[in-house]
Amino acid sequence: MIITLTIAIILACVTILLVGGIPIEGKFAEAVYHSPVLITLSLLVVLLIIIGSIVFITKKYSKRSLAYNISFLLMHYGIAIGLIGAAVSYFKAEKVSFAAFLDSSLMVKDLPPQYTGLNKMYNLPFFIKAQNFSVEHYAPKYYTLWGYNEKSTQFEITKSEKHPEGKYYIKDLSNKKTETFGKFKEIPLTRLKKGENSWKHRIYLDDDNVLEANNTQAKKFRCEIMFAPNDGKTVNNYGVINNLNKTITKELIINHPASYDGWRIFLMGYDRRQEYEENGTVRYVSLTARRDPGRIPVHIGIWALIVGTFLWAFAPKPKKKIA
Amino acid sequence: MNLENLESIINLLKFVALSFFALSALSGIFSLIAKSKPVQKIAYITMFMAWLTSIAVFILNWAYTGHPPFGNMYHVLMTMGIFIPPLYLIVAKRDGYKFTHFLFSLVAVCALIGAIIISKKSSAVNWQQMPALQSKWFVPHVSSYVISYALMAVSFVLTIGGIFCKMMVSILYKEEAVAFEKTENQCFNASYSIVKLSYPFMTFGLFTGAVWADEIWGAYWSWDIKEVWSLITWSLYAMYLHMRFNSNFKQFIHGVQICAFAALICTFIIVNIMPKTGSRHTYSQTSSSHQD
Chain A
1 MIITLTIAII LACVTILLVG GIPIEGKFAE AVYHSPVLIT LSLLVVLLII IGSIVFITKK
61 YSKRSLAYNI SFLLMHYGIA IGLIGAAVSY FKAEKVSFAA FLDSSLMVKD LPPQYTGLNK
121 MYNLPFFIKA QNFSVEHYAP KYYTLWGYNE KSTQFEITKS EKHPEGKYYI KDLSNKKTET
181 FGKFKEIPLT RLKKGENSWK HRIYLDDDNV LEANNTQAKK FRCEIMFAPN DGKTVNNYGV
241 INNLNKTITK ELIINHPASY DGWRIFLMGY DRRQEYEENG TVRYVSLTAR RDPGRIPVHI
301 GIWALIVGTF LWAFAPKPKK KIA
Chain B
324 MNLENLESII NLLKFVALSF FALSALSGIF SLIAKSKPVQ KIAYITMFMA WLTSIAVFIL
384 NWAYTGHPPF GNMYHVLMTM GIFIPPLYLI VAKRDGYKFT HFLFSLVAVC ALIGAIIISK
444 KSSAVNWQQM PALQSKWFVP HVSSYVISYA LMAVSFVLTI GGIFCKMMVS ILYKEEAVAF
504 EKTENQCFNA SYSIVKLSYP FMTFGLFTGA VWADEIWGAY WSWDIKEVWS LITWSLYAMY
564 LHMRFNSNFK QFIHGVQICA FAALICTFII VNIMPKTGSR HTYSQTSSSH QD
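Protein chains in written order, with this note's numbering: chain A, 1 to 323; chain B, 324 to 615.
Certain hints may be false.
[Unchecked claim] The calculated lysine to any residue pairs, modelled on SDA-like cross-linking and capped at a C-alpha distance of 25 Å, are: (1) B:Lys549 with A:Arg295; (2) B:Lys549 with B:Ala585; (3) A:Lys95 with B:Ser458.
Treat the hints as calculated values from the structure; they're not laboratory data.
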């Protein structure tokens, strides 16, 4: 009975996932996955796990090995705890994504709609300021704006083995030969870079042709985030810092969020328009702030499930007694 | 070493690894048919040689890109060659399914052919690791999926083999069908054992992906198309594993496994190549596009 119910519920979950998983444009998937149907199904999974595990452990499978029983409980309760945590997150978590400007010396707490894309002001419970941003890029691939031999060709800037002092040569990717670019086969580094770690978007060649970068890829980027409490003293109403000692500065890198006062701040991206400008500077970074009371149960659930499945698959089988 | 020389060596070694795996698969099949121990030894030795070559390709790819080479489909397919021989050892030693040797080699052959075709695109080889992928979860997440997918592929072929034997049993006379009946049971049992071995790796891959997403974006689940299809695949395999506990479902069990493998293929390939899905996993395509 319980197995039949389990299979029926998994089948229902797969069906609803399939309905939302059809790759079509629009907000169709979002509507499916945030519908009461999936939430009800999740609730049913939790209920079934609680009832089913009691039945399995106490009756039918009590004769199994201890490792099996532990793995069974870890796997199934892991799913239940994770789903409960996800439900707490769904109903209680707060999240806001916003642009933090780097050229301002003021700290902000109240985020206007133009910073967040929301239709109202969002009030953070603390003051925040982004500063000291830096980005390093991979050497980009370049295209000629108008081609030689009547076709545009893709080129790659590669460090020259022959010129260790810093000259770069252009590698023609279309026929995989290097140094085939006429008299422009070697370009001094100063003509390619606009800063220590940034590459120019456009390079004007001596014969009036232009190389244009395609899909500039950031290697790494980071910034600093300054936090201050909203105690009415550390920062005044205009965002001016009165007491620097009470502020905390943390480094923010993608994959390494900064925590403050129960919130976690994520570096999501940065102003990329400057990459297309000759002397452009990064004006803002994109941040996300999230407070999620369901995060810990979700993590407990995930690790219980992972440990449970490994234990189930790799625990030694009990030796059969010889009659 | 010059990068171009390195690329030439990688290109050569890819074909060497492919040849060793192909030889291993062929000698594996021959040793099964002829029941020849010397040929079986050749199959094992060539698999070992293929494994060493795959490790060399992996190290050179790492040196070439400057990052752990797991970033796109080319890298993932190339890495399968490293995992397949140790996985076969586990299946053969622990569960006693030595006859699956040629299937493991065949899966490696298919993966390497795929990698060689994809590597014709220079962007697949010249991969740049974007900031979002510079995480401690990157290598464990991708490698657990590689292990899981390799095992699921072997298990799928075994199930197809089992179904074929079942059909032969129903067609042939009783005396002639004995051998097929035995093979059918072996295939289905080995298939289940391999799914059981693979499932923890799939679980690890799926849910460490969620933990990783929580570190990058502050949301462990965002209903991205790739995430959804991964969950569909995982759920279908969960269904397959649960069905074994109830005899009423035994007639559907192989159908569910085939559907689960189809979902796996959809997750691995089709979702990446379908346009306008808006997936955050665009970096798993052959040519990486920028995403912070």
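Hint check:
no.: 1; hint: B:Lys549 with A:Arg295; in the structure: holds, 22 Å
no.: 2; hint: B:Lys549 with B:Ala585; in the structure: holds, 14 Å
no.: 3; hint: A:Lys95 with B:Ser458; in the structure: holds, 23 Å
In summary, the structure agrees with every hint in the numbered list given earlier.
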